[in-house]
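Colleague: So the chains spell out like this:
There are 2 protein chains.
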Amino acid sequence: MSGLSDALLQALREAVGEAGLITDAERMQSYLSDWRGAYRGQAAAVLRPASTEEVAAVVRLCAQAGVALVPQGGNTGLCGGSIPDDSGAQIVLSLTRMKRIRAVDVANATITVEAGMILQQLQEAAAEVGRLFPLSLGAEGSCTVGGNLATNAGGTAVLRYGNMRDLTLGLEVVLPDGRVWDGLRGLRKDNTGYDLKHLFIGSEGTLGIITAAVLKLFPAVRSLTTAWVALPSPQAAVELIGQMRGLCGDRLTGFELMSRQSVEFVLRHVAGVSDPFAETHPWYVLIELSDTQPNAPLNELLEQGLGAALEQGVALDAVVAASDAQVRALWALREGISEAQNHEGPSLKHDISVPVSRIPDFIERTDAALQQAFPGVRIVTYGHVGDGNLHYNISKPAGAEDGAFKAQAEAIMRVIYDQTLRYAGSISAEHGLGQSKRLAAQHYKAPLELELMTRVKQALDPAGLMNPGKLL
Amino acid sequence: MSGLSDALLQALREAVGEAGLITDAERMQSYLSDWRGAYRGQAAAVLRPASTEEVAAVVRLCAQAGVALVPQGGNTGLCGGSIPDDSGAQIVLSLTRMKRIRAVDVANATITVEAGMILQQLQEAAAEVGRLFPLSLGAEGSCTVGGNLATNAGGTAVLRYGNMRDLTLGLEVVLPDGRVWDGLRGLRKDNTGYDLKHLFIGSEGTLGIITAAVLKLFPAVRSLTTAWVALPSPQAAVELIGQMRGLCGDRLTGFELMSRQSVEFVLRHVAGVSDPFAETHPWYVLIELSDTQPNAPLNELLEQGLGAALEQGVALDAVVAASDAQVRALWALREGISEAQNHEGPSLKHDISVPVSRIPDFIERTDAALQQAFPGVRIVTYGHVGDGNLHYNISKPAGAEDGAFKAQAEAIMRVIYDQTLRYAGSISAEHGLGQSKRLAAQHYKAPLELELMTRVKQALDPAGLMNPGKLL
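As they're listed, the protein sequences go chains F and P. Just so we're aligned, residue 1 is where the first sequence starts under my numbering, counting upward by one. Just so we're aligned, residue 1 is where the second sequence starts under my numbering, counting upward by one.
Hints in this document: simulated from the structure, not taken from any laboratory. Where hints are given, some of them may not hold.
If several chains are the same, the list does not tell them apart, and a pair holds so long as it fits within one copy or across any two.
[Claimed, not checked] With a straight-line Cα cutoff of 30 Å, these simulated DSS-like cross-link-like pairs (lysine-lysine) come out: (1) K445 / K457; (2) K99 / K406; (3) K406 / K457; (4) K445 / K99.
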């Protein structure tokens, strides 16, 4: 039974139609928990509007009734940002029926899509007109553009193309009172006042509901090469990316770091992968070069850069993929880490960033601090070197009990976040805050910054009905 | 005589020292008028703090006394954003003594500088460590980083590197109450809440005083080539940039459009320039390709692209610069336009943007509307095609009176801005609003957007003492 008044329910039904209103407990289930099952909440109803007008009507009705809304896309977030609380009083607003392409403007290099479009479908739509939409991340087959915008999604292509924020020219947003801000501009320059779109991007649904966006398209990639490189240390990775970037410029589109521990887990648990080298090495990077030119001499460039690195001892060994199958095999080593780690028991995930130059010190000191406080924990470090972004995930000591290890989660997190702060880093590089990192942010962010955020929140959502309990 | 109380003057003197306080009418003059002399105001004092602490002290004192502050950098803005009003009650806060480099982090590809640093010095500091700071614009020898941030400066390299906003990772800002927000983070990924820096960038000093910034550095350019191309129409320019971008990707770093009228003025008034072609053509573009690789085969790429364009009739004629001197000569044709136009009487400047795909229609219809309403006006159209940004400037009909022409300025502006709105464009692409476009923005921007901007302003500067009368 829904806790909403009959009058409100009836008005919502009229706004979105039968197809857009779910109150049946069974049918609501998939909207009340994230894909990993890490978060679970209750809701008075799930609404699935099919148009901006329907979203606006829903928001207006809920504003009048004082009912809180939790916007939701593909429900693939890692911080519980799209899951309602336990009260059963909130309404989940799923955008997944709004998935149209509104416009493709090849000459302007833009595409206008609705918030519920799946990222992979957007990538395909770009490819169909011979262009690239570069955002790429593990959940791309399920996550939505609206979720990507709400969390300012990152991924593996940020090094070259930036975060979702950098890929966005305009937004359409339903404001907390139900009015629609039409900021769907396809302009690369517009200096007529405060740039409001940047307020909504990354705000995790706490300032309004993003319903559509104008996104940038890029020239299609026509040449690509990939290498797997063994390194003695994170310091070598920082040196190598500097050298490769100077040599290759924007052709350097991927530079992924992995510790031996990460790769070992993949080799142990993921079928069909193998170690590219006979010897083991402490660190690896996966390097990707790409070019808009067909048959660009990327291998020569890669060999030039890696040859110098091998001579200097910056690299210990290297192999360049000779076929598409080898490219996929190398990426499988990188992309298998998260899944492989699950086979080793609970995984405590930390998505941090520091200045690129501080990565080596951060890893050395944090590893040492953890091993001192929690001897035997297995540290699965991997990430995007060019972004200073490390997925610094912890598995229990071999043979330890899950329960005892999980009980240390908070203390382990403190060690890692304390070190992050020490290196002027961020405790959430690309996952957002959602509900899981909200309190940590209150602890680790400067009070003045939290105050400014609160003032912005109050200015735009004074009633506090937009995704309460998230982010702030 | 200053209108400030003796107590406040004394407190300000203590805050910034004798060297930082100017109340002498004569010595204040250069701070009360912009470099073109288009705007003039009065001030109670000019303050020149030398550190963030001094800025904070000044802002705190002025907040307590209810005195408005007008931040100022190189004073090269085109919209009067850094000039005080006529009341003589405002204080000009010049940041030009704060010009230190605080840090260079090559491995992180960042440089941290204070707001008063001259843009050209920043470019040179980047070059000294073998890197590029790409922002480039006419006033770079005088304008400051703080002004670039406050107005989200653009220029000729936006096509490849983005606006000042895109080049910024972190900010230090003195808030309207005198507290200092330390957002000087050198992080490429940070998703821990609202991205406050984007509020201050482009806010023209109306939300706080930017005192320092962490900016991105890029690999140095080691190969460069430039071509001058004759075209039949703006439509051909849009087609050509699409083709060149697909072919060259990020190597395409400049694509500047000029009408014959623009070039004719330069040929007439600027010494030492000559028409690269024997025949006249209706439109021209200057194309620049660059690469981080030394000896990159850019000429081959350019010739491949232009060869195809000449065959298709997209281009009418083309010449590739064969020496550095020829590169400079071609750029002189582009950069001389603004000065050359001044020799033809008053120049009504409009800095608009539209989606790239709408440039041809915009030019055709706006030209026609203007010629119908104001027969004989000479339209000097030039700009950055890839950004959809046109400098659409109007000179009087040949032989007409200055006064009669100037009296039509408002009506001419209306025609141009009405057309801009029709094509979903912006009435200020890169110059900001300042005082000159503030009222136009009130007219042309959606009321809801103005309301949101006002709410943000009230949330951050409730007393309204930060650069009042500008932007909003």
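Colleague: Compare the structure with each hint and give your call.
Modeller: A quick look at each hint next to the structure:
1. K445 / K457: both (16 Å within a copy, 23 Å between copies)
2. K99 / K406: neither (39 Å within a copy, 50 Å between copies)
3. K406 / K457: neither (34 Å within a copy, 45 Å between copies)
4. K445 / K99: Between copies only: 28 Å across chains, 36 Å inside a chain, cut-off 30 Å.
Of the numbered hints given earlier, the model fails hints 2, 3; all others are met.
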